[in-house]
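Protein chains: 4
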Amino acid sequence: MIVEISIVPIGVGESLSQYVAKALKIIESKISNYKLTPMGTIFEIENFKELGKILDEIVDELIKNGVPRVYTVIKSDFRIKSTTMDYKVEKVKAILKFDK
Amino acid sequence: MIVEISIVPIGVGESLSQYVAKALKIIESKISNYKLTPMGTIFEIENFKELGKILDEIVDELIKNGVPRVYTVIKSDFRIKSTTMDYKVEKVKAILKFDK
Amino acid sequence: MIVEISIVPIGVGESLSQYVAKALKIIESKISNYKLTPMGTIFEIENFKELGKILDEIVDELIKNGVPRVYTVIKSDFRIKSTTMDYKVEKVKAILKFDK
Amino acid sequence: MIVEISIVPIGVGESLSQYVAKALKIIESKISNYKLTPMGTIFEIENFKELGKILDEIVDELIKNGVPRVYTVIKSDFRIKSTTMDYKVEKVKAILKFDK
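Chains as they are written, first to last, in this note's numbering: chain A, 1 to 100; chain B, 1001 to 1100; chain C, 2001 to 2100; chain D, 3001 to 3100.
Keep in mind that the hints were calculated from the coordinates and are not lab data. Do not take every clue at face value.
As the list claims (entries may be wrong) - In silico BS3-like pairs for lysine-lysine, Cα to Cα no more than 27 angstroms straight-line: (1) A/LYS64 / D/LYS3091; (2) D/LYS3081 / C/LYS2053; (3) B/LYS1097 / C/LYS2035; (4) A/LYS53 / D/LYS3093; (5) B/LYS1035 / A/LYS53; (6) B/LYS1091 / C/LYS2064; (7) D/LYS3035 / A/LYS30; (8) C/LYS2064 / B/LYS1097; (9) C/LYS2053 / B/LYS1093; (10) A/LYS35 / D/LYS3097; (11) C/LYS2025 / B/LYS1093; (12) C/LYS2049 / D/LYS3064; (13) B/LYS1025 / A/LYS81.
A quick note: this is a predicted structure, and the numbers were derived from the prediction, not measured.
Can you build the whole structure from these sequences, using the hints too?
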């Protein structure tokens, strides 16, 4: 499945990029192919249990770095017919191009 | 932590309540205190790994019932200082009442 | 359509209920029937433009109260066949009861 | 502010890219700089009212194309101190590189 996670540390001021970088380092160590966007991080993963392990590790790391509260938003897209991150984007782009 | 999950079965028409009911039955069997809202289900859970196990079970159940694609939205609120679903709502209501 | 909004003020510490109360006061003044949940506020509204006006007012109010950054999550469910918040919940509950 | 929108048409089968393309064409006609990701579309916009107008137009277009139900997820990040989509990503990448 394809997932997008957005980690929002709360209680450590308004500049969050250093914490996002810490979260991303954990993702980088487990996921070879991820996309960092201005609003989250997107990657493919086997199932929710595997995703849960990564998210627990991220929360632990943020707590160790002084974050008292962590808000998270996750979107996931599971499909029996296997799909990839790149396929989803390319298909939409192909339709857009064809229609012009 | 407090989580809200929204399960959106795709590819089985526009009426989704029978699938939501199947997901809810799984939640009911694991979580004693949950809140069903018009836009999701809210409950307290230890960590993301435990949440992941429940979500994997829900996806499996929906697939078995003919759903080819499952879109999910999860929001979570983890706080070191322990909190509860009811406390969050009561505190906001108390402030609203006091301000009147 | 039915919408759920979650307002997350950033940069004002970890306790957010006083800000959520300010947002809710604005919603209360415009929307007669809303549901406050531990993870957001749910109500029915005509369209996204009307929702946008309310959200802009909430952001303005939070800024006036010293919030430097506002993170928001919105989920919406639009259906041609009109539906209500209560209908969605009741239908799922009815199926759950029937299945027992 | 920076927003990410995810449009999920319901009731038209499991393959959604043609509908996503229709939504994207509307975004393209109004927003010069947008990012299409595997899980949504990200762009900068003045306020929620302007975003609302675009979303209403997308919903109308999908209905005209036979979609009976539209589920939407929106995340937004408003900051007094102005920021851009590219700045957010570059800053995290810079921290990651520096830490290595």
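We went through each hint and held it up to the structure:
no., hint, verdict
1, A/LYS64 / D/LYS3091, "holds, 22 angstroms"
2, D/LYS3081 / C/LYS2053, "holds, 22 angstroms"
3, B/LYS1097 / C/LYS2035, "holds, 16 angstroms"
4, A/LYS53 / D/LYS3093, "holds, 24 angstroms"
5, B/LYS1035 / A/LYS53, "holds, 25 angstroms"
6, B/LYS1091 / C/LYS2064, "holds, 22 angstroms"
7, D/LYS3035 / A/LYS30, "holds, 25 angstroms"
8, C/LYS2064 / B/LYS1097, "holds, 21 angstroms"
9, C/LYS2053 / B/LYS1093, "holds, 24 angstroms"
10, A/LYS35 / D/LYS3097, "holds, 16 angstroms"
11, C/LYS2025 / B/LYS1093, "holds, 10 angstroms"
12, C/LYS2049 / D/LYS3064, "holds, 19 angstroms"
13, B/LYS1025 / A/LYS81, "holds, 26 angstroms"
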